[in-house]
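Note that the protein sequences, when read in sequence, are chains U and W.
Position 50 of the first sequence, counted from 1, bears residue number 50 in this note's numbering, the numbering being contiguous throughout.
Quick note, this note's numbering runs 1000 ahead of the 1-based positions in the second sequence.
The set of hints was computed from the structure by calculation and includes no laboratory data.
Treat the hints with care, since some could be wrong.
[To be verified] Short, incomplete list of chain U residues facing chain W, as computed with Cβ under 8 angstroms:
#, residue
1, Gly2
2, Lys3
3, Ile6
4, Asn7
5, Ser9
6, Leu10
7, Val11
8, Asp17
9, Trp21
10, Lys25
11, Lys37
12, Thr41
13, Ile42
From the three backbone atoms N, C-alpha and C, an ideal C-beta is built for every residue, glycine too.
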Amino acid sequence: MGKVSINKSLVRLSFTDFEKWITKKFPKINAKDEYKKIGGTIEKPKEEKAK
Amino acid sequence: MNNVCNAFMPGGVNADCLRELAEVKNIFIADKTQGFASVIEAMSSEAWREDIEEDLSVYVPQGVSDYENTTDDANISTLQSTRKIITNRPVPSIQAYISGNFCDYSELLGTLDGGTYRVYLELVDGTILATKTSAGAVKGMKAQITAITKGPLKGDIQNSFAVYINFTNYNEFVNGILMKPVWSPTDTLLEMVPVGYSMFITTPYTAGDVVVQINERCGAFVESLAVADFEVVDSNNLDTAVVSAVVDDGAGVYTLTLEKDTVPAIMDAGDYMTIRVKALSTLIVDYLSNRVKVIA
């Protein structure tokens, strides 16, 4: 596969929705890395927040 | 009261200036809403720069290799074998032959299709002919412009790229202004025009993706474009129409994912997006392609 670039406007999606989209489109790409590249923040799981 | 029978005397002459109106060297095509607030602004290359390379509201071809003034002669009628009268003021028109190349002319054929624009005329003595409004603004003369090809010519090949310019307002020539900037118009302004790319579809839209080939105009393939270099300029009123992703497959081939809606979805049958390459560095458009309509 050639060089992939993702539109930064997809940061409007929650990480969960983004992950669904990118896994379907580009299965070999790391969803977390790409989400951060477009300016997204991945929320920590609730149990970690409670600590 | 408006007295139509007034016969005013012309006022004054500059006896130190004996200079005919020079021939046309180039035409600067502007959006019909484009203009400059004043003569001083119109004489500033910085004002032109912003319109050419940021707003994309002025287009500068490489020049005019030849042209014909196709303005009709005024109608002269004779009143029952007595005196003659003039019955009209024909609006000027020009058939211009643009200097350039096949690929740039293809872009003109695809865009100059009888729409209304404003036209500044650069003359061979380095002046720019425009029109001045009653508020002191400076604009190009309003015109309907159509590019029409006759295919390959036999002889006179410098006339290969014809553009028909039919001005629409005689009074804009009556209120004409001839400006002589300190800079050379075509030489200065041509450098500001974005580099033109040619884009065409190689694989139609399927499952959200369209594959395109992108080259320099009549030149080599273009490498290293990314998603930020593409723009959706039009669609059938789709919500959130974007180029979601781009895969650079190398050798100028790009797979573009075109999707709509807040949660990305592929276009439905009958939907369309019109896209182009518009590669920017800050506000300046460095590279610009033709528009391509992608129909689902």
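The hint names Ile42(U) as touching chain W; please verify it with the least Cβ-Cβ distance against 8 angstroms.
violated, 18 angstroms
Hint Lys3(U) vs chain W: min CB-CB distance below 8 angstroms?
holds, 4 angstroms
Was the hint right that Lys25(U) lines chain W, CB cutoff 8 angstroms?
holds, 7 angstroms
Can Lys37(U) be said to touch chain W, with a Cβ gap under 8 angstroms?
violated, 11 angstroms
Please verify that hint: Val11(U), Cβ, nearest Cβ of chain W, below 8 angstroms or not.
Since the shortest Cβ distance to chain W is 12 angstroms, the answer is violated.
Less than 8 angstroms between beta-carbons is the criterion; does Asn7(U) satisfy it with respect to chain W?
holds, 5 angstroms
Using 8 angstroms as the Cβ threshold, decide whether Ile6(U) counts as touching chain W.
Cβ of Ile6(U) sits 5 angstroms from chain W, so the hint holds.
Proposed interface contact between Thr41(U) and chain W, which counts if any beta carbon pair is under 8 angstroms:
violated, 19 angstroms
Taking the closest Cβ pair, is Leu10(U) under 8 angstroms from chain W?
holds, 6 angstroms
Does Gly2(U) pass the interface hint, meaning its C-beta sits closer than 8 angstroms to a C-beta of chain W?
This interface hint holds because 4 angstroms falls under the 8 angstroms limit.
Restraint: Trp21(U) near chain W, CB-CB cut 8 angstroms. Satisfied or not?
holds, 6 angstroms
Against chain W, is Asp17(U) within 8 angstroms by beta-carbon distance?
holds, 6 angstroms
Going through the hint list in order, the structure does not satisfy hints 7, 11, 12, 13.
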